[in-house]
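Dock chain B against the given chain A, drawing on the hints supplied.
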Amino acid sequence: MTTPPEETVIAPPALVEIRVCTGTGCIANGSLVVADRLESAIAQAGASDRMRVTRTGCHGLCAQGPVVVTAPEGVFYPGVDPDHAEAVVRALLDGSGPVTEMLYRETPEEEPIARYADIPFNARQHRIVLRNCGVIDPEDIDQALRAGGYSGLRHALTDLTSDGLIEEIKASGLRGRGGAGFLTGMKWELARQSVGDQKYMICNADEGDPGAFMDRSVLEGDPHSVLEGMAIAAYAIGASEGFVYCRAEYPLAVRRLKKAIADAAAHGLLGDNIMDTEFSFHVGVREGAGAFVCGEETALIASVEGDRGMPRPRPPFPTTSGLWAKPTCINNVETLANVAWVVAHGAKALAAIGADDSKGTKVFALTGKIRHSGLVEVPLGLTIHEVIDEVGGGCQGARPTKAVQIGGPSGGCIPAHLFDTKIQYDTLLAAGAMMGSGGMVVVDDTTCMVDLARYFLTFTQDESCGKCVPCRVGTKRMLEIITRITEGKGRDGDIEELERLADVAKKASLCGLGQGAPNPVLTTLRYFRDEYEEHIHERRCRAAACAALSTYVIDADICKGCGVCKKHCPVSAISGQIKELHEIDPDICVKCGVCETRCPFDAISRM
Amino acid sequence: MTTTFDTTTLTVTIDGRRIAARTGQTVLEVCRENSIHIPTLCYDPRLKPYGGCRLCIVEIEGLRGYPTSCTTTVADGMVVTTESEALFELRRSVIELLLSDHKVDCLTCQSSGQCGLQDTAYEHAVEMPRFSGELHVEFIESENPLIARDLTKCIMCGRCVRICAEVEGRYVYGFTDRGFDSLPNTPYGVPLHDAYCEFCGQCVSTCPTGALSNKLGKFKGRIWEVEHTETTCGYCGVGCTLDVSTKNGKVIDVTAPLERGVNGGNLCAKGRYGWGYTHSPDRLTTPLVRRDGELVEVTWDEAIAEIAERLTAIRDEHGPESIGGLASAKCTNEENYLFQKVLRAGIGTHNIDHCARL
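Listed in order, the protein sequences are those of chains A and B. Position one of the first sequence corresponds to residue 1 (the numbering used here), numbered consecutively onward. Position one of the second sequence corresponds to residue 1001 (the numbering used here), numbered consecutively onward.
Mixed in with the good hints, there may be bad ones.
To be verified - Calculated pairs, DMTMM-like style, for lysine to aspartate or glutamate (alpha carbon to alpha carbon, straight line, at most 20 Å): (1) LYS507/A / GLU1059/B; (2) LYS566/A / ASP555/A; (3) LYS507/A / GLU1089/B; (4) LYS1048/B / GLU305/A.
Derived from the structure by calculation, the hints contain no laboratory data.
The shape of chain A in the complex, shown without the other chains:
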């Protein structure tokens, strides 16, 4: 029987809640043990009636796991050791306030910050997509309902027509969060207008960009928001069946998603006659085998159909002829998590956030040399500088930030001097990057930009499906050229040849993977051309990152002649007598870096 969420009798929340992150990152850091220890501490104190542990999804600050936050007071404990569980419980029970020594400090010298909301990482964030991540137990539908889950669907089914719903989404200005940024309402309208006895709604959860993990976090932390978004979209376009296409490498996300589907069906929120209306919608999960190209919608469809994931040319677009040649609407996880919020809060609420053509928020995965690796959700229109330096805390250590790769391997590399660029769809495109799924890989001056481009090109070349020539062979030829440049074997004309090949791949490739593959090369050529030229003409890598173009040297003023480097060198390239200056023979050295890490006096450096 259908039990509408508003009428569901839900037990009142416990007085004090200890929220333990059980996202993949925190679990890897031992958060499940922390949760267990907290629970036994509560039981031992006889406080089970006043206190409970909630195993939540990701809080975002993945580098600081296991993350624990208490509610309602909002005290934040990063990197919690299981042995400290008792102290946390005791502090809550005796009212002595937060455990100071466990609190977060921006730097060891600074004063601790007690409240989660007050740490700089959270100060600029605006959580819509991640609204429930880190707050509710993703495996408990009652908590999702209490947090407002499925109220958007209820509003859509009871108060809105399909057309009215589409108008609402259009008015919100919501654009696709997975890649090209197509207007979501417009896509729904196209799918709605297509004629077909059966239509499909697909959620693209094949998050394949290296360094992007926002979709995983949403599925792990709040799967009901995605299912609600799918049901709303299905109602708008007239679909009765849908699939979530999720990578098999996300086992936790798949498990929580499947549980959420079963729970929602048991509550009458999915399946036949949802909320006692005429609307029926069934959802299945399809697991992908880890091909990056399957994030491309036509390849995704081929994969769901059971074929090898290879794209086909568009038109026809999936909204006309998609899964099994039926009209199909494909939105990604983050877009759908937005949808439920937009319908529940109204189009104006989203349109009020963001700037110009880019409304609402965007989740970014901050990785690389950044201080606070993790997930952040910020209003669109912030500058790159605001996200990287104010939210992410800038580069690790004292090194200067050099650039950021935005939008995954098909995105582009934006140099630090352009960090005033606002993060919007069109401004990023103009700068040579793209919003993509929102990966931000931050690099400092120890990263060689030629090598960075080589890395991303290696990825796209490996992941090419092989169907079309410019991608399969063109990116291979580009990779060969860029590899020889990093090996110090670059030739005159290599840059021009890279540009020519990039042009062919961009213009003649079949799908977005091939068309976008040259972007890291093109943007690094645009902003760091001098580094390419140094590699080719001076055989020099200024970041000392390219092994063939760098040497290890021992600083004569620092070396004490202890012999540690000589002892550990695997190729016996180091010579010298004890208590005398040692030397590295560059002809024998294989640049493994062991000497640098072993030297007790930091006398060895790569140049």
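Just chain B, lined up with the frame of chain A:
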């Protein structure tokens, strides 16, 4: 692949020419019907459009980039450009990229002179390819007597994979590996005879390069040396149209012309490879009658008279039910009709059967 069209006529403009087209036709089909040449490598009229080789790209007003003409259906008022400097350069680059990953041995390649890659390279004046680099993984299989596979020459157009799946329904080939190493291959690369291949040779018939070739005709004659005779296959009543290649009066290969006859370019294993008997020393060329324990050459009149006499004698002595006849699927309907008439009306028996397969 035959497309079903409705009768609505559209008007499109291609290279400045106003042309009538039918709903559902692709731009490439309209161009081919109107003798407008667009280079292709992954296109075969027997197959569904694919859009992989990127040579048939065109410019279409109102559409972004360079859509492939083989996958784009015409719309009323569509304005198409099939030749421009930009298109020529892109196509040329694609061909150069393919050649940079191709074992170029046109000197002795069986496909020389009938090779799509060679033709398009010539058409685009590719003398020395600008690009060079590593070749994709070498894969040669030649364990059977009929089909030679040298995937070093493969251009990944996917035609072998598609014809085996779409036309034959055998699915012997699929794409293996990713990126630069992608190849159309059998499961785990096993030899064809272990991959449920029935050796129809359809893959060879569609391969635009020398990656797949017929072994029977190899080194027996070049395409420009042979005489072509269009004829009808004698194996069964379907009557497929054949193109028999002969050199110095000897058959060296059998193919089927595309878009001709009932078969439209398709053939089965027997039609394509079962012609070894033509020049076999064991082949019977005259009727033989056994006389005094020896087979003796006779004329058809003598042989038929002998058969009539002996059958009549058997019928008179043992009755018509003592005689039975087996017809053949190699005969046409008309021939089978006549055969049963001889047995029923001539001899008076219903003992007629048919092998029903070749």
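Hints, one by one, checked against the model:
For the hint linking LYS507/A to GLU1059/B, the alpha-carbon distance of about 12 Å falls within 20 Å, and the restraint holds. Proximity of LYS566/A to ASP555/A is assessed by CA-CA distance (about 15 Å); at most 20 Å being required, the pair is judged to hold. Simply put, LYS507/A and GLU1089/B have alpha-carbon atoms about 11 Å apart, close enough for the 20 Å limit, and the pair holds. About 17 Å separates the Cα atoms of LYS1048/B and GLU305/A, which keeps this hinted pair within 20 Å; it holds.
When the structure is compared with the earlier hints, no violation turns up for any of them.
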